[in-house]
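Protein sequence lines correspond, in order, to chains A and B. First residue of the first sequence: 462, per my numbering; consecutive thereafter. First residue of the second sequence: 1450, per my numbering; consecutive thereafter.
These are computed hints drawn from the structure, not numbers from a lab. Backbone N, C-alpha and C define an ideal beta-carbon position, used for all residues, glycine too. Any given hint might turn out to be false.
What the hints assert, rightly or not - Distance ranges between label pairs, derived from CB positions:
1. Asp1571/B to Gly481/A: 57 to 65 Å
2. Gln1680/B to Leu858/A: 47 to 55 Å
3. Gly1650/B to Ser734/A: 18 to 26 Å
4. Ala730/A to Gly1492/B: 53 to 61 Å
5. Ser623/A to Thr1640/B: 46 to 54 Å
6. Ala869/A to Leu1543/B: 42 to 50 Å
7. His1606/B to Asp855/A: 24 to 32 Å
8. Gly1492/B to Leu858/A: 42 to 50 Å
As the list claims (entries may be wrong) - Some chain A residues flagged as far from chain B (calculated, every beta-carbon gap over 10 Å):
9. Gly481
10. Glu497
11. Gln654
12. Lys667
13. Thr688
14. Ala759
15. Ser780
16. Leu811
17. Asp890
Stated by the list, open to error - Just a few of them, taken from the derived set where beta-carbon distance is under 8 Å, the chain A residues facing chain B:
18. Glu631
19. Tyr632
20. Leu664
21. Glu731
22. Glu752
23. Ile756
24. Glu779
25. Phe782
26. Pro787
27. Val854
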Amino acid sequence: MRSILFKNGRLVDPASGFDGTCDVRVSGTRVAEVGEALSDAAARVIDIDGLVICPGFVDLHVHLREPGREDEETVASGSAGAALGGFTALGAMPNTDPVCDNAAVADKVHAAGVAAGYAKVIPAGALTKGLEGKVLAPVGEMVTGAARVRMFTDDGRGVQDSRVLRRAMEYIKGFDAICAEHCEDAGLAEGGQMHEGYYSDLLGLKGVPAAAEDVHLARDLALAKLTGVRFHALHVSTAGSVELIRRAKADGVRVTAEVTPHHLKLTDAELSSFDPHFKVNPPLRSASDVEAVRIGLADGTLDAYATDHAPHAPEEKESEFELAPPGLLGLETALGVMLTEVVGDGVLSLPEALKVMATNPARILRLEGHGGPIVEGAAANLTVFDPAVVWTVDPTLFASRSRNTPWAGRNLKGKVVHTMFDGTLVVRDGKLVKETQV
Amino acid sequence: MMIKHLLSINQLSTEQIENILDTADSFREVGTRTIKKVPALRGRTVCNLFFESSTRTRLSFELAARRLSADVINFNADSRTSVSKGESFKDTALTLQAMGLDAIVVRHTSAGAAQRLSQWVDASVINAGDGAHEHPTQALLDLYTIRERLGGLDGLHIGIVGDVVHSRVARSNIAAMTKMGAQVTVIGPPTLLPPTAGSWGVEVTGDLDDVLPKLDVVYLLRIQKERQGEQYFPSLREYAVFWGLSLRRAGLMKPEALIMHAGPINRGVEIASDLAGLDRCIVADQVTNGIAVRASLLFLMLGAQHQGRVSG
Chain A
462 MRSILFKNGR LVDPASGFDG TCDVRVSGTR VAEVGEALSD AAARVIDIDG LVICPGFVDL
522 HVHLREPGRE DEETVASGSA GAALGGFTAL GAMPNTDPVC DNAAVADKVH AAGVAAGYAK
582 VIPAGALTKG LEGKVLAPVG EMVTGAARVR MFTDDGRGVQ DSRVLRRAME YIKGFDAICA
642 EHCEDAGLAE GGQMHEGYYS DLLGLKGVPA AAEDVHLARD LALAKLTGVR FHALHVSTAG
702 SVELIRRAKA DGVRVTAEVT PHHLKLTDAE LSSFDPHFKV NPPLRSASDV EAVRIGLADG
762 TLDAYATDHA PHAPEEKESE FELAPPGLLG LETALGVMLT EVVGDGVLSL PEALKVMATN
822 PARILRLEGH GGPIVEGAAA NLTVFDPAVV WTVDPTLFAS RSRNTPWAGR NLKGKVVHTM
882 FDGTLVVRDG KLVKETQV
Chain B
1450 MMIKHLLSIN QLSTEQIENI LDTADSFREV GTRTIKKVPA LRGRTVCNLF FESSTRTRLS
1510 FELAARRLSA DVINFNADSR TSVSKGESFK DTALTLQAMG LDAIVVRHTS AGAAQRLSQW
1570 VDASVINAGD GAHEHPTQAL LDLYTIRERL GGLDGLHIGI VGDVVHSRVA RSNIAAMTKM
1630 GAQVTVIGPP TLLPPTAGSW GVEVTGDLDD VLPKLDVVYL LRIQKERQGE QYFPSLREYA
1690 VFWGLSLRRA GLMKPEALIM HAGPINRGVE IASDLAGLDR CIVADQVTNG IAVRASLLFL
1750 MLGAQHQGRV SG
């Protein structure tokens, strides 16, 4: 079996705590050897001097739009973009058409991921049928099906009926799966276009108060405590949420939480341009909320960095602000934003950044072979990136079928060079290795 | 130098505002002639692009353009029907762009629509109201009307009463009036006042009786009837009791203080019917002046550099 030997790289492995120059040899689908000055005459040697090698990134939260909106994204195009962004595993949200609220759809999404071969695609199942918040979806058949669904959510909205959510949590707990919520009180958020505050008042756009997220999350945490379910808060965006999660963790509630790249940097001031590329749900918040989620990520209150990659067709964003759908792309800019805006601003060290990008999300999903540690015998899911190169975001170069990024034209530092998924180089020198139809 | 587009009142300096108002004096005079027309914009084309029906604003802009001898075309499209036909806002803009227009006057239900449009066309874009965001020409005509009656804005105390949250008229007027040196107080139920309005350089209060005796101008905002179904206030009756300008309240005002309203008026809600007919209630002046101010703006934005003068 032919080996691939990554030579002279800086190995950063948050799972073991290792950070230093180290070679990694991969044989077949597994890591064969980790150590200094490795040599293997038969191996294909890839010199990664000056580059970082780390566990492949894991994104808990992407929208791949398949089935239903294949014009915007497919499992193949989305996972190709993911590979270019250094991700080796993706949690695909269930708000497709038809909704992923049964094993047939979940297994189809999973199979499409296997066929594409760029990354592990793990569909999240809907909590309730049709995402309607009324009738519990068949959790058991999704957990035990080929997709092995392990997270359930009605993402795009939260379950409004407390009784339904309580039952869902109890039932899901029996399968040891995760209940994840998009925390938003529908009444408080109704008609909302952006964060409620100074800028919404100024711009005359209807606001969504931070309290819409806070009150929903507070209820969810109370129910998580009541039921003992593993609970995950999706795309946390407010200072109030960070504080609620901090207290719940101290209180022993089984809660994890994620934060997006955009909520770690962009504020509601961006909306002054009325550019729908900054329209997202939850909305870009105030500067003090951005500061709070940064502190929350740094102190471990927030566990994972998740993109909420949400492709939309160009014509949908070339409309009036109020008519444009919320959502923006994240996979191909995630590392650059993390290194430029989060590590660059001193919020996290590089090893801490890789922990929230790879190790923590892999642990939340209990993904074998992802997130490190990079040791002999581990599945070879690896990312190699250049931490210093500066590049300009050009959405026309994305593998994604959509172009709706708020980062267009910005200079970002840090770019993926190689991505290895289950021992196969899927990205080599910043390009997809196999040019399959995406 | 005049601006290319008028999207927000904040784009204008005090000098530019004064220039627009001074120039409007000439057009006010044109409006009193038997032949109400000058050739300043002959051969230029102005399009009224209305995604939200507003007969009075469209007529005002149309008259203003026609008095300058511009060709006027009207494009009326409900924002919802346009979308259901499948044509995006950008495609509508590109269609108009291909027609070679000189100015597009746009009214839309969506905040920011004028700004979006200005990115896609070469024509000058004039915001004739975008959602709850801004209505800059309304503010300019209000400044003109106040100046005409009271000589200027500097040092005046102006009260804006009612639904500030949903009001583009309020946003533009607050910015314009404070820029021109007036002190502004916004008055209404807390649900209809923006929570951060205090940061706009205005006073915020719920007590109309308390503030009325101090005001030089009371500006009443229209209450849309559907707001009472959205729990902003219990009923129109209760609204009128606390924030309507009744005969009793009018008695608290300074004798020379003015009453203004952007129309259309809900008699008995924002203002008692008997007050609407008083000389101090200058709603009709606002309408008349609107034509002159809009003509002034079109002239300065499109024609001044070519024609140099108004007479003819």
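Here is what the structure says about each hint:
no., hint, result
1, Asp1571/B to Gly481/A: 57 to 65 Å, "holds (59 Å)"
2, Gln1680/B to Leu858/A: 47 to 55 Å, "holds (49 Å)"
3, Gly1650/B to Ser734/A: 18 to 26 Å, "holds (23 Å)"
4, Ala730/A to Gly1492/B: 53 to 61 Å, "violated (42 Å)"
5, Ser623/A to Thr1640/B: 46 to 54 Å, "violated (26 Å)"
6, Ala869/A to Leu1543/B: 42 to 50 Å, "violated (21 Å)"
7, His1606/B to Asp855/A: 24 to 32 Å, "violated (54 Å)"
8, Gly1492/B to Leu858/A: 42 to 50 Å, "holds (46 Å)"
9, Gly481, "holds (50 Å)"
10, Glu497, "holds (56 Å)"
11, Gln654, "violated (8 Å)"
12, Lys667, "violated (8 Å)"
13, Thr688, "holds (33 Å)"
14, Ala759, "holds (29 Å)"
15, Ser780, "violated (5 Å)"
16, Leu811, "holds (38 Å)"
17, Asp890, "holds (37 Å)"
18, Glu631, "violated (34 Å)"
19, Tyr632, "violated (35 Å)"
20, Leu664, "holds (6 Å)"
21, Glu731, "violated (12 Å)"
22, Glu752, "violated (18 Å)"
23, Ile756, "violated (24 Å)"
24, Glu779, "holds (4 Å)"
25, Phe782, "holds (5 Å)"
26, Pro787, "violated (15 Å)"
27, Val854, "violated (20 Å)"
Violated hints, in rising order: 4, 5, 6, 7, 11, 12, 15, 18, 19, 21, 22, 23, 26 and 27; the structure is consistent with all others.
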